[in-house]
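> Sequence:
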Amino acid sequence: MRTEAPTVRARILLIEDSSEVRNVVQQMLDDYRVDAVASAEDAFALMAVDGPHAVVIVDYALPGMQGTELLKEIQQRYPATVRIALTGTGDLERGVGALHDGDVFRFLTKPCTRDDLLHAVEHALVRHRDATERTELDDQLACARESLAGLTEDLEGRVSIQMQTLRVLHGFAVDLNASQSLAEIADRAAVATFEALQGRSVHVQLWDDDAQSGSIEAYAGGEMSSEMHREVLETTEGGDRAILGEIVVDVGDEELTPYQREVLSMIGVPTAVAARNEFRRRERDQAQHATIIALARLSEQRDNETGKHIERVSLYCSLIANSLRDRGDYTDEIDEAFIDDLVRSAPLHDIGKVGIPDAILLKPGKLTPGEWEIMKTHAEIGAETLNTVIRESKNPGYLTMGRDIAGCHHERWDGTGYPKGLRGLEIPLAARILALADIYDALSNERPYKKAWTHEKSIDWISGLGGNHLDAKVVEAFLVRKDEANQIRATYAEDAAEFAPSAF
Numbered sequence: 190m191r192t193e194a195p196t197v198r199a200r201i202l203l204i205e206d207s208s209e210v211r212n213v214v215q216q217m218l219d220d221y222r223v224d225a226v227a228s229a230e231d232a233f234a235l236m237a238v239d240g241p242h243a244v245v246i247v248d249y250a251l252p253g254m255q256g257t258e259l260l261k262e263i264q265q266r267y268p269a270t271v272r273i274a275l276t277g278t279g280d281l282e283r284g285v286g287a288l289h290d291g292d293v294f295r296f297l298t299k300p301c302t303r304d305d306l307l308h309a310v311e312h313a314l315v316r317h318r319d320a321t322e323r324t325e326l327d328d329q330l331a332c333a334r335e336s337l338a339g340l341t342e343d344l345e346g347r348v349s350i351q352m353q354t355l356r357v358l359h360g361f362a363v364d365l366n367a368s369q370s371l372a373e374i375a376d377r378a379a380v381a382t383f384e385a386l387q388g389r390s391v392h393v394q395l396w397d398d399d400a401q402s403g404s405i406e407a408y409a410g411g412e413m414s415s416e417m418h419r420e421v422l423e424t425t426e427g428g429d430r431a432i433l434g435e436i437v438v439d440v441g442d443e444e445l446t447p448y449q450r451e452v453l454s455m456i457g458v459p460t461a462v463a464a465r466n467e468f469r470r471r472e473r474d475q476a477q478h479a480t481i482i483a484l485a486r487l488s489e490q491r492d493n494e495t496g497k498h499i500e501r502v503s504l505y506c507s508l509i510a511n512s513l514r515d516r517g518d519y520t521d522e523i524d525e526a527f528i529d530d531l532v533r534s535a536p537l538h539d540i541g542k543v544g545i546p547d548a549i550l551l552k553p554g555k556l557t558p559g560e561w562e563i564m565k566t567h568a569e570i571g572a573e574t575l576n577t578v579i580r581e582s583k584n585p586g587y588l589t590m591g592r593d594i595a596g597c598h599h600e601r602w603d604g605t606g607y608p609k610g611l612r613g614l615e616i617p618l619a620a621r622i623l624a625l626a627d628i629y630d631a632l633s634n635e636r637p638y639k640k641a642w643t644h645e646k647s648i649d650w651i652s653g654l655g656g657n658h659l660d661a662k663v664v665e666a667f668l669v670r671k672d673e674a675n676q677i678r679a680t681y682a683e684d685a686a687e688f689a690p691s692a693f
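The end of the sequence shown is residue 693 by the working numbering, with every number in the run present.
Any given hint could be a false lead.
Label-pair ranges, simulated between beta-carbon atoms [to be verified]:
#1 Arg430 x Leu668: 56 to 64 Å
#2 Gly613 x Ala269: 41 to 49 Å
#3 Lys646 x Asp319: 50 to 58 Å
#4 Gly441 x Ser582: 42 to 50 Å
#5 Asp529 x Gly613: 23 to 31 Å
#6 Thr605 x Asp305: 37 to 45 Å
Since the hints were made in silico from the structure, they are not lab data.
Computed from a predicted model, the values in this text were never measured in an experiment.
Quick reminder that beta carbons are idealized off the backbone N, C-alpha and C, glycines included.
Model the full structure from these sequences, guided by the hints.
Structure representation (structure tokens):
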């Protein structure tokens, strides 16, 4: 299932004191209705008359009320409005802080391209629409419960059955809101249908292109007979009909009563809406992943790194994890899911460097003690940045491992690392693996402060780190596969031309 961001005449508010920037942004967003004002006062006056906008784009460097204050004020007055901040290069730290605090959905560095702006606006509109639809779904469920309550007045003989049905549907509504996957949605729909229809066998299917069989299935009750009733799971939006699956109920010799068909519909409608929202959540997570990886690449570029550093470190991590598993080490933790999450989260290890000032991050010489203390905060900045995303995500997945890696990859086995001085098995396994991968890549590739070491010299150095700096088992697993590591290093070697990130 694919979800398109709303485009036609969506209401967007631009708050920017520069008339030139206002004109450029309005031209970039010509498919939308853009109200442009020059100050916070004008913005609140406009919203007081016309109501809140779906998305507001705010210049951080506004005269009068600062961008941070304005964003907080908009959040308090109009919590449903999705906020995007435009920042200059010097405002990057404040932008990261706003992202931490949840004041903004996205921030863009000026000047930005039309594609970057459209990408941010489209996803902001999707978030606004989804929030609106969740409210509508709650209203629908409330109406459904009220409707079911009225059914108990029909006949005294059906009161007990109807009360049981109400309890089932109420529990189903609660469980459905807590569902975190299509499989959970299908299971809960099957159980609720089985209970609400007094034990009729049920088969639920949700179409899913990502599933190996093409669908997610759930069953309740016994075998199905040849006589069945099918409830199509569909949603309609903007005149477009989307069929998401079906609930199949065993009829046998007894057809469903009109009341049972109504109950089945009351299960089918929220099931379809929940499935649709799950598809949208997946797409949001994919977009979120792309944004986070882009931020990770930005941190590498600011640190005179290239995208190949990220690729190499991810491949080294996969190599080490597979070697550990093959040797029988940490098999209670390492499975395919662990390795997949490790490869996806490895690029996030230095994401916190976006919060380190350029004067320190790019300093060619040795850092002062004070500067070094600031540099070390990138681990905590990275962990907290990902924590913010995790708190807002229904299914954080690999981001939990990414948080552990970002926050702990500078911890040392002997407890002399930072930021918390963790030692031994207190350090998450993923961070212990990443630490070795990052060290090998740093040694065997050129840095502003050193020439690249040979593979052999790098291996000799790492061989002496087991049991003090690094986990000895991780070191042994790496040394067993050192030739493959050398091949990765050669295959993904840096280009001769210096990498320079293009401006937004």
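> Could you work out which earlier hints the structure fails to respect and list their numbers in ascending sequence?
Going through the list in order, the structure violates no hint and respects every one.
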